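Q: Chain by chain, the residues run as shown.
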Amino acid sequence: MPTPSRRTALVVSGLTLGLAATGCGQATTRPAAVTESADTSLLQDARADLAGAAALVRAVRRAHPSLRPRLAGLLQAHRTQLQVLDPDGGTRGTVAPEVPDEAPEALRSVVRAEERLARRLVTWAVAADSGPLARALAASAAGVSQQLATLGAEAR
Amino acid sequence: MSGTDLASDRLADALQRVLATEHAAVWAFGSLGAATSQSATPELFARVGRAWEEHRGRRDRLHGLLLELGREPVGSEAAYTVPSPIGRPDDVERAAVRVERAGTQAWAFLVASTTGGTRRWAAGVLTELAVSAVRFGAEPEPMPGAGDLLPR
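Taken in order, these protein sequences are the chains called G and R. With numbering that gives the first Met the number 0 applied, the first sequence corresponds to residues 0 to 155, in that order. With numbering that gives the first Met the number 0 applied, the second sequence corresponds to residues 0 to 151, in that order.
Hints are computed from structural coordinates only; laboratory data are not their basis. Treat the hints with caution; some may be incorrect.
[Unchecked claim] Covered by chain R, according to a simulated footprint, are these stretches of chain G (three or more residues, beta-carbon under 8 angstroms): (1) 79-85; (2) 114-125; (3) 128-142.
Only a predicted model underlies this, so the values are computations on that prediction, with no experimental measurement involved. Quick reminder that beta carbons are idealized off the backbone N, C-alpha and C, glycines included.
Assemble the whole structure, with the sequences as input and the hints as a guide.
A: Here is the structure:
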């Protein structure tokens with residue numbers, strides 16, 4: 000059996016501990032085992048996508064100060080999600096974000112990236128062997144969707 | 000008891016817990032609808048009505064899944080505690096937020112307790128409830144339904 004990375008072990012451990020504190024009868028429903036070899040790759044992809052999305056939000060806020068207030072919640076949400084899913088904080092986005100020159104188009108680029116992120120988080124949640132990891136990923140997708148709802152239809 | 004039986008028991012247990020939450024949500028949104036004026040606050044009335052319909056649909060689907068597993072679905076309680084004072088539109092929205100947030104916790108639990116298509120459905124409902132909570136006035140959360148995971 001492959002040895003899980005320290006970061007995966009940390010996350011899985013953290014999520015398992017977190018689940019135990021929810022009071023939803025985990026003693027009888029917690030997944031029996033975590034297949035860390037399968038989930039390691041999935042979690043790395045999720046971290047990279049989250050870090051990439053956060054990098055785009057930061058870049059758009061830098062380039063378009065008028066958007067800073069509207070995107071503050073989204074950036075904070077990603078910071079918190081990464082604190083849970085990437086407690087060592089070592090993941091960076093793999094692609095330098097390109098920011099459109101006009102603020103409305105820049106905002107739309109953020110929305111498109113976040114919509115894609117939410118879909119991918121759900122896909123990874125479904126694919127995860129670990130129930131606690133699936134819960135964390137699905138909850139992150141829901142958090143992204145909440146932020147998209149607050150951005151409003153004019154951002155699309 | 001075989002591993003398959005154990006897994007089936009766990010799934011049924013998770014579905015029963017979420018079904019109980021949905022029974023309560025259907026009742027709560029029914030109460031909120033009765034407390035909302037269609038003429039004075041038509042948009043709120045429509046949102047409450049949609050939420051009620053959606054919770055009914057989820058309840059019925061959970062009920063069907065449990066029957067497919069050969070289990071007797073839990074029934075609704077005879078009555079539930081009124082979510083809060085619901086005399087004004089603000090009260091209705093606050094109560095709706097509480098119901099939807101309770102739902103996110105239940106459905107996030109179901110995500111962790113299931114696999115495949117049922118997990119995909121649970122993840123979708125989790126997002127629907129999280130967005131519904133925001134539309135009723137909730138502050139967004141980084142991880143709706145999994146607040147216990149957040150750094151303290």
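Q: Could you run down the list of hints and mark each one as holding or not?
A: Okay, the hints, checked on the actual structure:
1. 79-85: holds (count 4)
2. 114-125: holds (count 4)
3. 128-142: Coverage by chain R holds here, the residue count being 11 at a Cβ distance below 8 angstroms.
Hint violations for this structure: none, all hints satisfied.
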